[in-house]
Amino acid sequence: MEIVYKPLDIRNEEQFASIKKLIDADLSEPYSIYVYRYFLNQWPELTYIAVDNKSGTPNIPIGCIVCKMDPHRNVRLRGYIGMLAVESTYRGHGIAKKLVEIAIDKMQREHCDEIMLETEVENSAALNLYEGMGFIRMKRMFRYYLNEGDAFKLILPLTERSCTRSTFLMHGRLAT
Amino acid sequence: MEVDSILGSLSITDDFDQLVDVTSLFDELCSKLKPEAIVKDPRFDLFEGTHSLEVNNSKLDSSLIELTAEEIEFDVNVAYDPPLASVTAIADRLLRCVISWLNDYQTLPTTVLSCRYTESLLSSLVKGTTAGSSWCTGNILYDKVLGSCILGVCYLTKFVQKLLSAGIVFEEEDLNFNNMGFNTFDNLPGQDVVINSLTESLQILEAYSDDSLHLTMLKHILKIIICLVHLEDHLTDYSTKTSHLDELIENANSVNGIFPQLQLSPPKGAFSTYIQKHRSNQFPPRKITKLPTDYSGFITLANDVKTILLVDKAESALETYQFAKFFNKLEQRHVIARILFPLFFIRDDRTVLGKFSYTQFYLLHVKEFSAQTPSEFESSIGNELIQESSNMLLEWYQNCSQNTCRYRQGFNRQLILWDSLQAQFESVNSQVYCSWTYFMKLSSMIEFSLKGFDLDIYKPFEAYSMFWYVYYLSHHLETFLKDSQNDIESNINAIHSMNKKLKKLKAGEKKDQLRLKYRFAMDNEMEQLQATKQFLNYLLKEINITKSLCLIEVFQFAILKSFGLIDNKNSTPSKFSNERLIHNLRFKPFNSIGVPELPEYEVFQQTLKDFVIEEKGAAFDIKLERATNFIETEVRNVVSSIDEIMQGIKGGDNNGVLVTGTRLVQELSLEYYCKLKHTSKALSVNSKVIVNTLKKNIKNKDSHEYKVELVHTTEGWNYFPIQTLRIKQDRYK
Ligand SMILES: CC(C)(COP(=O)(O)OP(=O)(O)OC[C@H]1O[C@@H](n2cnc3c(N)ncnc32)[C@H](O)[C@@H]1OP(=O)(O)O)[C@@H](O)C(=O)NCCC(=O)NCCS
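Just so you know, the sequences run in chain order A and B.
The UniProt record's numbering numbers the first residue of the first sequence as 1 and each following residue consecutively.
The UniProt record's numbering numbers the first residue of the second sequence as 1 and each following residue consecutively.
One or more hints might be untrue.
Derived DSS-like pairs: lysine-lysine, alpha-carbon spacing no greater than 30 Å straight-line [claimed, not checked]:
hint, chain 1, residue 1, chain 2, residue 2
1, B, Lys482, B, Lys500
2, B, Lys34, A, Lys153
3, B, Lys482, A, Lys97
4, B, Lys728, A, Lys98
5, A, Lys6, B, Lys290
6, B, Lys500, A, Lys6
7, B, Lys329, A, Lys153
8, B, Lys306, B, Lys650
9, A, Lys20, B, Lys59
10, B, Lys728, B, Lys707
11, A, Lys68, B, Lys59
12, B, Lys575, A, Lys106
13, A, Lys20, B, Lys482
14, B, Lys459, A, Lys106
15, A, Lys21, B, Lys482
16, A, Lys139, B, Lys650
17, B, Lys561, B, Lys696
18, B, Lys367, B, Lys650
19, B, Lys561, A, Lys139
20, A, Lys68, B, Lys609
21, A, Lys139, A, Lys106
22, A, Lys98, B, Lys569
23, A, Lys20, B, Lys287
24, A, Lys97, B, Lys707
25, B, Lys609, A, Lys139
26, A, Lys21, B, Lys277
27, A, Lys97, A, Lys6
28, B, Lys287, A, Lys21
29, B, Lys290, B, Lys158
30, A, Lys139, B, Lys459
31, B, Lys569, A, Lys106
32, B, Lys459, B, Lys575
33, A, Lys6, B, Lys609
34, B, Lys34, A, Lys21
35, B, Lys32, A, Lys68
36, B, Lys588, A, Lys97
Because the hints were derived from the structure by calculation, they are not lab data.
Could you build all of it, start to finish, from the sequences and the hints given here?
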């Protein structure tokens with residue numbers, strides 16, 4: 001196993017398709033193609049993949065993280081982790097952790113004030129992973145439909161702006 | 001074939017000579033496109049697209065649903081055999097669909113609308129429809145009896161739609177109403193017509209000589225549907241009659257008794273995903289989930305609605321306040337009851353319970369809390385502020401019936417609003433209003449914080465800061481309540497001293513005047529003063545309990561930290577953030593609050609240091625023992641306070657010491673205090689377990705073997721989880 005991490009190549013349609021396949025495998029209800037287009041085409045620089053150079057298919061990602069970044073209520077820059085998946089046979093080797101680190105590092109360099117994401121209450125792998133990196137649970141969302149279970153909203157603060165209610169940041173709006 | 005002819009009809013012209021070939025232009029433009037470019041209308045935001053479905057993707061395209069032959073061929077115009085057993089089975093399954101939809105949060109198309117008869121009726125409804133089914137089998141059980149069942153269930157569905165449109169709860173969270181494009185609910189006949197139809201069906205069944213269980217069951221089903229159709233009375237007439245709810249419970253119980261003896265199987269295809277495939281559907285295909293196996297869901301519904309109707313009997317603001325605090329606290333009420341509560345309480349005619357205007361209701365709260373008649377102050381404050389406060393109070397009431405997650409979020413919003421109101425009252429110097437607002441604010445801050453434990457928002461490492469902060473808030477609230485109590489006390493004393501003075505005064509005008517004043521005070525003020533004093537007594541006991549339990553938790557955290565098992569920060573430092581930022585994010589909801597000011601990060605650090613035992617050897621043991629003894633004393637205090645409150649509740653607030661205002665929620669409040677008591681005892685046991693386990697193992701000093709978890713005990717109260725020692729397990733082992 002020789003894992004290499006690299007940014008998405010948005011011109012590579014094959015890569016696009018394999019990312020979709022990798023992520024769909026973990027979802028009970030898949031995202032439509034638009035969801036992928038929304039993230040990958042608008043923020044291609046915020047998607048990273050992991051490939052195994054020693055495998056027979058070094059072009060097919062075995063892990064990936066998909067993020068976006070935009071102003072939240074016009075007062076702080078919020079990074080958002082939309083999707084994260086590692087192929088089941090590659091789990092437990094720190095691949096997800098590395099992908100998350102690379103993505104957050106990038107968003108921090110882009111001056112994000114915080115990183116946000118949502119994950120299901122029952123997903124202890126994801127909760128352990130993110131909470132180990134300093135994310136805390138901000139709220140719980142009631143969502144019993146389709147037996148989906150509740151979800152937590154997690155935030156990792158990167159700057160002090162993350163720690164003040166947006167109502168009180170209004171006078172210092174972001175220059176966008 | 002069909003597609004070709006439809007597309008053909010779209011053709012613009014038959015004269016192909018007029019058309020220009022743009023292929024080369026198209027190819028040329030395409031060659032200039034970057035591979036990552038998306039061709040779209042600039043007004044189309046890709047985000048909107050994230051909700052779209054995808055044609056030909058079987059997980060997203062409901063037209064690809066595969067139906068069985070029976071499902072495709074199912075015909076509502078056929079009387080499937082044997083009619084009585086089949087009709088009973090269909091009606092029964094439909095009712096269990098209702099439970100699945102409303103009690104188990106399933107979607108409308110996979111439950112009520114999965115029934116082909118429901119679909120058929122809704123498709124045929126036109127304005128002015130009178131009772132009667134849209135199918136004709138020639139069999140009265142199908143055409144008449146089943147017809148009225150379907151009509152009744154549709155009527156209930158329409159009522160639920162109305163409830164949802166009130167905007168109290170959130171679609172897709174508390175209740176799903178994907179109506180599959182049916183806008184025909186409004187064409188349903190009126191309640192009387194529906195009830196008549198159901199009653200006629202019952203009469204038809206009465207005439208049957210058959211003494212089968214199916215017949216008995218079907219009669220119960222009809223009676224249940226009649227009760228469900230009557231649910232709307234609590235809103236249309238604000239009816240407090242519970243006879244239909246009692247009947248609902250009775251019949252549901254009877255059916256539950258029959259179930260084990262009956263085999264019920266509806267005709268194949270009568271319930272399916274057919275509707276998802278054939279009608280306009282903006283959602284991905286959904287499987288039909290397992291239905292409940294009995295009617296207990298209706299019993300829950302009826303009992304919960306009965307509970308919320310009790311609020312009508314409130315005789316004081318104190319009672320409505322306590323009612324709202326307790327009715328949805330121990331377990332989340334049925335969604336219908338949760339929507340009905342605010343609609344029944346805060347009425348369309350802009351009154352509360354049809355008795356008070358919003359401001360009157362608000363002023364009543366202030367009056368009962370302060371024992372002063374606030375109307376005297378009203379003019380100096382201005383109507384707007386009073387109105388704003390009244391709305392805020394109603395929002396508080398409404399929030400009490402939200403689902404457990406929204407409930408906490410509601411407080412998050414309220415904190416700053418109460419804070420700003422308090423500041424406004426302060427600026428116009430109105431002490432009475434200000435005090436009450438401060439009370440509401442502090443109570444909301446405490447509730448918001450502690451509710452987080454119930455929802456598993458906090459990690460074990462955060463337990464210290466959260467409990468210490470609530471302890472700090474409780475301390476402020478306690479001081480405030482004591483001051484209020486002193487004010488009341490001196491008002492009472494002033495009245496009593498008038499009497500003493502009277503005795504000393506010689507007869508004359510002065511004495512007469514004082515006597516009048518004294519009489520007035522005794523007749524008009526004393527009762528409220530005494531009631532308020534006793535209510536404050538109760539509040540003080542309650543805040544004392546909260547304060548002590550927080551302190552116990554704080555001590556346990558400190559003990560665990562003294563053994564090196566936990567710290568008030570993540571075990572591995574974050575690469576991207578730091579402890580201070582993470583702490584500040586946690587306390588973001590409070591950092592703008594004026595009073596009480598949020599203590600600085602350093603204060604949290606310092607106080608923890610003060611609690612932790614840093615000594616070594618014998619000195620460590622002495623301090624540890626002191627800490628555990630302290631916990632024991634606090635637990636005893638808590639338990640005795642709880643007992644006093646429980647006695648007060650049981651005695652109907654008649655002991656002359658405590659007024660709890662829990663008359664309408666006696667059982668619920670007692671259950672709550674029982675849980676709190678259980679938690680106190682569990683905390684006491686936990687202290688001993690922690691100390692014993694760690695003392696034994698401290699010699700090998702391997703604290704890394706253990707970790708701390710926040711555990712909820714089933715009998716305890718979740719706001720105070722137990723910081724439990726657990727042996728670490730390597731998940732990769
Ligand atoms: C969650 C997921 C991405 C983790 O991938 P991974 O490469 O196995 O994770 P890593 O090896 O990098 O683990 C990093 C940390 O995550 C946590 N973690 C990962 N798997 C875990 C598991 N099965 N149980 C508990 N914790 C786990 C641990 O804290 C771990 O750190 P540690 O090894 O030092 O204890 C992977 O399980 C996955 O693809 N799941 C399905 C999709 C999903 O749930 N995505 C997240 C939605 S937001």
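So, going through the hints one by one against the coordinates:
no., hint, verdict
1, B:Lys482 x B:Lys500, "holds, 26 Å"
2, B:Lys34 x A:Lys153, "violated, 36 Å"
3, B:Lys482 x A:Lys97, "violated, 52 Å"
4, B:Lys728 x A:Lys98, "holds, 24 Å"
5, A:Lys6 x B:Lys290, "violated, 44 Å"
6, B:Lys500 x A:Lys6, "violated, 89 Å"
7, B:Lys329 x A:Lys153, "holds, 23 Å"
8, B:Lys306 x B:Lys650, "holds, 21 Å"
9, A:Lys20 x B:Lys59, "holds, 14 Å"
10, B:Lys728 x B:Lys707, "holds, 6 Å"
11, A:Lys68 x B:Lys59, "holds, 25 Å"
12, B:Lys575 x A:Lys106, "holds, 13 Å"
13, A:Lys20 x B:Lys482, "violated, 63 Å"
14, B:Lys459 x A:Lys106, "holds, 27 Å"
15, A:Lys21 x B:Lys482, "violated, 64 Å"
16, A:Lys139 x B:Lys650, "violated, 37 Å"
17, B:Lys561 x B:Lys696, "holds, 16 Å"
18, B:Lys367 x B:Lys650, "holds, 26 Å"
19, B:Lys561 x A:Lys139, "holds, 27 Å"
20, A:Lys68 x B:Lys609, "violated, 41 Å"
21, A:Lys139 x A:Lys106, "holds, 26 Å"
22, A:Lys98 x B:Lys569, "holds, 22 Å"
23, A:Lys20 x B:Lys287, "holds, 23 Å"
24, A:Lys97 x B:Lys707, "holds, 22 Å"
25, B:Lys609 x A:Lys139, "holds, 29 Å"
26, A:Lys21 x B:Lys277, "holds, 26 Å"
27, A:Lys97 x A:Lys6, "holds, 14 Å"
28, B:Lys287 x A:Lys21, "holds, 22 Å"
29, B:Lys290 x B:Lys158, "holds, 24 Å"
30, A:Lys139 x B:Lys459, "holds, 13 Å"
31, B:Lys569 x A:Lys106, "holds, 25 Å"
32, B:Lys459 x B:Lys575, "holds, 19 Å"
33, A:Lys6 x B:Lys609, "violated, 45 Å"
34, B:Lys34 x A:Lys21, "holds, 23 Å"
35, B:Lys32 x A:Lys68, "holds, 27 Å"
36, B:Lys588 x A:Lys97, "holds, 27 Å"
Of the numbered hints listed earlier, those contradicted by the structure are 2, 3, 5, 6, 13, 15, 16, 20 and 33.
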